[in-house]
Amino acid sequence: MRLRFVLFALFIIILLQFSNAFCEDNKHDFSVKTKLLSTIPQNADIVDTSIKFSSDYKNITYVTFTDKTHKFIHLNNKTSPVYYAVHPSTPIFEPETNKLAYIAYKNKDGNATVTVDGVSGPVFDSADNFIFSNDGMRYAYRGVKKDQQCTVIDGKPGPLFKGIPIKNNFKFSPDSKHFAYVALKENGCVLVLDGQEDDQAFNFITGVTFSFDSKHIAYKARVKKSRVRESWRVVSDVVNENSYDKIFDLVYSYDSKNLAYAAIKNEKMVIVVNGQEKDSQDMYGLPVFSLDSQKLAYSYMNKKKAYVAINDKRGPGFDTLYTFFFSPDSSRYAYIAKKNDEIYCVIDGEVSDAFLDIAALKFSPNSARYVYSSSTDKGSKIIIDGVPGNNYPSIGDAYFSPDSKHVVYRAVTKGVKWGTILNGKQLGKNYFAISPYYFSADSRHLAFRGMVDMDKSVLILDGIELPKDRAFTILGDPWFSPDGNHIAFHARIKENSWKLIVDGHVLNETYGGFIKDTPIIFDSNNHFHTIALRNPENPEFITIDVDIPDAVKIKTELKTP
1 MRLRFVLFAL FIIILLQFSN AFCEDNKHDF SVKTKLLSTI PQNADIVDTS
51 IKFSSDYKNI TYVTFTDKTH KFIHLNNKTS PVYYAVHPST PIFEPETNKL
101 AYIAYKNKDG NATVTVDGVS GPVFDSADNF IFSNDGMRYA YRGVKKDQQC
151 TVIDGKPGPL FKGIPIKNNF KFSPDSKHFA YVALKENGCV LVLDGQEDDQ
201 AFNFITGVTF SFDSKHIAYK ARVKKSRVRE SWRVVSDVVN ENSYDKIFDL
251 VYSYDSKNLA YAAIKNEKMV IVVNGQEKDS QDMYGLPVFS LDSQKLAYSY
301 MNKKKAYVAI NDKRGPGFDT LYTFFFSPDS SRYAYIAKKN DEIYCVIDGE
351 VSDAFLDIAA LKFSPNSARY VYSSSTDKGS KIIIDGVPGN NYPSIGDAYF
401 SPDSKHVVYR AVTKGVKWGT ILNGKQLGKN YFAISPYYFS ADSRHLAFRG
451 MVDMDKSVLI LDGIELPKDR AFTILGDPWF SPDGNHIAFH ARIKENSWKL
501 IVDGHVLNET YGGFIKDTPI IFDSNNHFHT IALRNPENPE FITIDVDIPD
551 AVKIKTELKT P
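Residue numbers (the numbering used here): 1 to 561.
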C-alpha cells in the first residue's frame, strides 16, 4: 500500500511539472487588448490570395464572394457594393498613406471602375496596371475604351491612343513629381512626359528610365525593323545617341550624373557611358555603379577570356564570371569566377584558393569583412575574411550581425542534425532543421527556430530554448523590440489554438490563428501590436495590442563562444 502511494505521489509531481511547463503566464501583468477589425460574412467565401494588410498592420482588406458573379471588397468592417469581378492584382494598400485602391467590374461586359480611398473614377471597358507614386500621394492606371487606351493620372483620363505598352514604360519619377508613359499612335510610338507628347516618334519605345534625382529621363527607341535586323538608339533628355543593333538595360549612377548601358554593334559589343563608347569586345556584361557613384564596373569577354574592369582597370582573366557587387560603403568589390572547372572568389582583385563551388558571397554591413560558403570533394566550409572554418558534410548561408562582429551559420554536425556555428564554434543543441537567423538591432541577441521532431519546433534565443522545455507545432518569425530587450512571436499549440510568447512568457489569451508571415510590430520598446484570427466557427480578424511590464525582459545575452 505504501509503495502504491509513493508511486501515485511521484506521478502527481511529474504531472505537475509537465503541466507547469505548458501553462500560461499568470505571474506578470501583461496588458493585452483586442479590437475587432473585420468579420468575415458567414454566407461568403474569402479569396485567400486577396488578403492584404496596411503597412502599419492596423487595417485589412480582402475579397469575398457568394457565387461566381457576386464579389465584395472589404476594408476592415466596411463592405463595397457588389461587383461582377475584382481585378486579381487588387485590392492594395499604399505603403506610406495606407490608402486603399482596387479595380472592379460591374458586369461581364466590363464597366470597370478604379476606386482610390473610397472615391471611384470614370468607367472603362477594362482597367489595369494600377500604381501609386513613391510618396503615396498620386496614382495612375491604364483604361480601355473599345479599341483605344488612355492613362488615368490622379483620377483624370488622358487622351486616347491606339495603345499604351506598359512593360518598363509606365512609371512615376522617384520624387513622384513626374509621370512618363509610351503611347502608340498611327505614325509610331511617342514618349508622354507629364502629359506632353515628345515631338519624336519611333517604331517602338521601351525601357523608360528616370535618374535617381528625377531630373533626367532616358529610353530605348527602335528606329527601324526588318526581317533580319533592327536599329535602336538611346534618347537621353530628348538627345538621340548612336544607333545599335540591340541595347540592354539603361543604368544611371546613384548621383544621377552618368548613364551607362551595353549594346550590340556590328556583331560585337560595346559599353556606352554618357554617349561615349568603350572599346568593342566579344561580349559585355551590364554596367554596375558603386553606391557613391565613383566607380563603374563591367565585365567583358576577349579572346575567350572573361575580365572585370573597375574604372577601366582590368582584373585577372577567367573562363566565366558570376555575381559581381560592391560593398555597402563602395570601397570594396567582390565576384565569383570559374577557370578550368574550378571556382574562385575575387575580393578587391585578390584571387582565393580553388574550390568545386562557391556561394552566398557577401560583405558585412560595415564593409570591413566578407564571407562565403565553399565546397571541395572533402566537404564544405565557410570562409570568413579569407580564413576557412571547420569542414562539414553540409552548410547553410552565413549571416553577419548588424554590428558586423558576429558570423553565424548552420552546419550538419551530428548525423543528420544541424548545429549553429557562431564565430567558428557551436552554439547550443543540434536540430533536425534550423530556420533563418535573426539578430537584434543592437547585435546582443540571436534567435532562430529549431525542429526537434517532424511536427514540433522550438525557439532558440542566445543558444537557449525559449520557453524552456516547450515545443510548438508551428512557430512564427521572432521579432525584437528596438532596444533589443524583448522578443515576441506567435505559436500554434494545436489546431485553431495559437498563443503569443513574449520573452519566454506564454500569454493567457488564445487565438484561432495568424496569417502566414504576419509580423509583430513594436510601436515602442515595451509595446507591440499584431493581427490575428479568432472564433474559427465565425472568423473575425482582430488587432492585438500588448504592453510589456517593466519587470519582464530578455534574461540572456549572446556570448561569443
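I should point out that these hints are in silico values taken from the structure, not numbers from a laboratory. Mixed in with the good hints, there may be bad ones.
[Claimed, not checked] Keeping only pairs whose Cα atoms sit at most 30 Å apart, straight-line, the calculated DSBU-like set for lysine-lysine is:
| id | residue 1 | residue 2 |
| --- | --- | --- |
| 1 | LYS499 | LYS425 |
| 2 | LYS185 | LYS99 |
| 3 | LYS145 | LYS156 |
| 4 | LYS405 | LYS559 |
| 5 | LYS225 | LYS295 |
| 6 | LYS167 | LYS146 |
| 7 | LYS167 | LYS78 |
| 8 | LYS405 | LYS425 |
| 9 | LYS559 | LYS362 |
| 10 | LYS559 | LYS468 |
| 11 | LYS362 | LYS339 |
| 12 | LYS106 | LYS33 |
| 13 | LYS339 | LYS33 |
| 14 | LYS278 | LYS313 |
| 15 | LYS156 | LYS185 |
| 16 | LYS362 | LYS304 |
| 17 | LYS156 | LYS146 |
| 18 | LYS405 | LYS429 |
| 19 | LYS68 | LYS33 |
| 20 | LYS304 | LYS278 |
| 21 | LYS224 | LYS156 |
| 22 | LYS33 | LYS162 |
| 23 | LYS305 | LYS265 |
| 24 | LYS156 | LYS177 |
| 25 | LYS58 | LYS108 |
| 26 | LYS162 | LYS145 |
| 27 | LYS494 | LYS425 |
Hints versus structure:
no., hint, verdict
1, LYS499 to LYS425, "violated (33 Å)"
2, LYS185 to LYS99, "violated (34 Å)"
3, LYS145 to LYS156, "holds (15 Å)"
4, LYS405 to LYS559, "holds (12 Å)"
5, LYS225 to LYS295, "violated (36 Å)"
6, LYS167 to LYS146, "holds (21 Å)"
7, LYS167 to LYS78, "violated (34 Å)"
8, LYS405 to LYS425, "holds (14 Å)"
9, LYS559 to LYS362, "holds (24 Å)"
10, LYS559 to LYS468, "holds (19 Å)"
11, LYS362 to LYS339, "holds (21 Å)"
12, LYS106 to LYS33, "violated (40 Å)"
13, LYS339 to LYS33, "violated (61 Å)"
14, LYS278 to LYS313, "holds (12 Å)"
15, LYS156 to LYS185, "holds (20 Å)"
16, LYS362 to LYS304, "holds (28 Å)"
17, LYS156 to LYS146, "holds (18 Å)"
18, LYS405 to LYS429, "holds (22 Å)"
19, LYS68 to LYS33, "violated (38 Å)"
20, LYS304 to LYS278, "holds (19 Å)"
21, LYS224 to LYS156, "violated (34 Å)"
22, LYS33 to LYS162, "violated (55 Å)"
23, LYS305 to LYS265, "holds (20 Å)"
24, LYS156 to LYS177, "holds (16 Å)"
25, LYS58 to LYS108, "violated (34 Å)"
26, LYS162 to LYS145, "holds (10 Å)"
27, LYS494 to LYS425, "violated (35 Å)"
Hints 1, 2, 5, 7, 12, 13, 19, 21, 22, 25 and 27 from the list above are not met by this structure, while the remaining hints are.
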